[in-house]
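Student: Now for the letters of each chain:
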Amino acid sequence: MSIQDVRGAIAKLTSDALVAAGVPFADQHWDNVGETPSKDAAGTYSVINISIPQLTEETIGCEGVDAILGSVNVLLYTPKGKGMKPAEDTLLAVVKAWIAENAKRGSTTAPTLRVRNINGPNGLAPDQRPHQVTSLSAAFTARVP
Amino acid sequence: MPVFRDAAALEKHLKKALDRLQAETLITVQSELGSTKVSPYDTGRFRSSWFASEGTGTGAVAPEGTNSPNTDATGLRVDASKTYTISNSLPYAQSVAIEGKVVSQPANWFFDFQNARIPKIQEAAARVVKNEFSL
Numbered sequence: 333m334s335i336q337d338v339r340g341a342i343a344k345l346t347s348d349a350l351v352a353a354g355v356p357f358a359d360q361h362w363d364n365v366g367e368t369p370s371k372d373a374a375g376t377y378s379v380i381n382i383s384i385p386q387l388t389e390e391t392i393g394c395e396g397v398d399a400i401l402g403s404v405n406v407l408l409y410t411p412k413g414k415g416m417k418p419a420e421d422t423l424l425a426v427v428k429a430w431i432a433e434n435a436k437r438g439s440t441t442a443p444t445l446r447v448r449n450i451n452g453p454n455g456l457a458p459d460q461r462p463h464q465v466t467s468l469s470a471a472f473t474a475r476v477p
Numbered sequence: 012m013p014v015f016r017d018a019a020a021l022e023k024h025l026k027k028a029l030d031r032l033q034a035e036t037l038i039t040v041q042s043e044l045g046s047t048k049v050s051p052y053d054t055g056r057f058r059s060s061w062f063a064s065e066g067t068g069t070g071a072v073a074p075e076g077t078n079s080p081n082t083d084a085t086g087l088r089v090d091a092s093k094t095y096t097i098s099n100s101l102p103y104a105q106s107v108a109i110e111g112k113v114v115s116q117p118a119n120w121f122f123d124f125q126n127a128r129i130p131k132i133q134e135a136a137a138r139v140v141k142n143e144f145s146l
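For the protein sequence lines, the chains are A and B, in the order given. Sequential numbering of the first sequence, starting at 333, is according to our numbering. Sequential numbering of the second sequence, starting at 12, is according to our numbering.
Hint data in this document are derived by calculation from the structure and do not stem from the laboratory. Just so you know, these numbers come straight off a predicted model, no measurement behind them. It is possible that some hints are incorrect.
As the list claims (entries may be wrong) - Straight-line distance between alpha carbons at most 25 Å, and here's what the computed DSS-like set of lysine-lysine pairs gives:
| no. | chain 1 | residue 1 | chain 2 | residue 2 |
| --- | --- | --- | --- | --- |
| 1 | A | Lys344 | B | Lys131 |
| 2 | B | Lys93 | B | Lys27 |
| 3 | B | Lys93 | B | Lys141 |
| 4 | A | Lys417 | A | Lys428 |
| 5 | A | Lys412 | B | Lys93 |
| 6 | B | Lys23 | B | Lys93 |
Isolated chain A, as found in the complex (with noise of 0.2 Å):
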C-alpha cells in the first residue's frame, strides 16, 4: 500500500469533478505543485489540499488496525462581483461526485473511499484581493486492498 493510492483516489474524484464542471486541470493547484496560481482577476481556479493525519487507530493487545483517514479541502477562487453561481455549482459538482463515491461498492484492486462532514460550500469575507474564495471541505476514510 501507498498513501499516494489514497491521495490518488481522492484526488482524481475531486479533479474529475472540477473538469467536468469547467475548472481544466491546468487551474488546479495542489498540494506541492503548482502552488502559486497565477491568474488574472477574470479567471477561475482552484486550490486543493489533501492531508492524511491518521493511518492507524490504536487498540488493546496488537499493534493496531489500519484506520486511514483524511481531509480535503478545495477552495475556489471566482472573480469577485459576480455572485455566488459559478463557485456554488462548481462545487456542487464535487459534492455529487463525492457522494456517488459513496455509493459504489468496495473494490480489490483500488482503494474504496467514503467521504463524509462534507462541509461547504462557504463563501469567505472578501479581502483585497480580485477573487471570491468559497470553501468545500470533507473527511474521507480509505480502505485499501
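We have chain A; now place chain B onto it with these hints.
Tutor: Here is chain B on its own, set in the frame of chain A:
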C-alpha cells in the same frame, strides 16, 4: 454503578454527566486550539483568540501582544441541552483556518483537527465522565 430508587435522581445524575461531558469536550478543544502544536503560531495572538461562548460566537478577539491560550471555557456553566461555540474572530482567521495560508502548520491543519482530533477528544471525555459518574 450507583443504585437509584428514584427516577428523578437518576435523571439528575445523567443530566450532570452529560453537562460534564459537554464541558470536558469544550475545555479540551479550546485548550488544544490554544496550543502552538495545533494553531499556527507567529505572535501568539491567533492562538489566544479562540473564545468559547454559549450560542453563537461573541466576536471577541485577544488584544495585540497576547500570547497565551484562552481558558474562558472553564468559566462557563455548561448545560448539555444548549449549544456552545468556539470561535476565532480575528480578521485573518478565515484565511488562516480555511484557506490554510500558514507556514508553521500544514495547510489543512484546521480540517485535520476537526476531523481527526475532535472525535478523539470526545472519546476521551466520554471515558473520563463514565469513570467519574460510575456509568
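Student: Does B:Lys23 pair with B:Lys93 here, judged by a C-alpha cut-off of 25 Å?
Tutor: Holds, because 16 Å separates the two Cα atoms, which is no more than 25 Å.
Student: Holds or violated: B:Lys93 and B:Lys27, Cα atoms, limit 25 Å.
Tutor: Distance ~13 Å between B:Lys93 and B:Lys27 Cα, so the pair holds.
Student: What's the verdict on A:Lys344 and B:Lys131, does the C-alpha distance respect the 25 Å limit or exceed it?
Tutor: 29 Å, violated
Student: For A:Lys412 and B:Lys93, compute the direct alpha-carbon distance and say whether it is at most 25 Å.
Tutor: Judged against 25 Å, a Cα distance of about 37 Å means the pair is violated.
Student: Is the straight-line distance between the alpha-carbon of B:Lys93 and that of B:Lys141 25 Å or less?
Tutor: Roughly 21 Å between the alpha carbons, so the hint for B:Lys93 and B:Lys141 holds.
Student: Hinted pair, alpha-carbon criterion (25 Å max): A:Lys417, A:Lys428. Please report holds or violated.
Tutor: Holds: A:Lys417 and A:Lys428 sit about 16 Å apart, inside 25 Å.
Going through the hint list in order, the structure does not satisfy hints 1 and 5.
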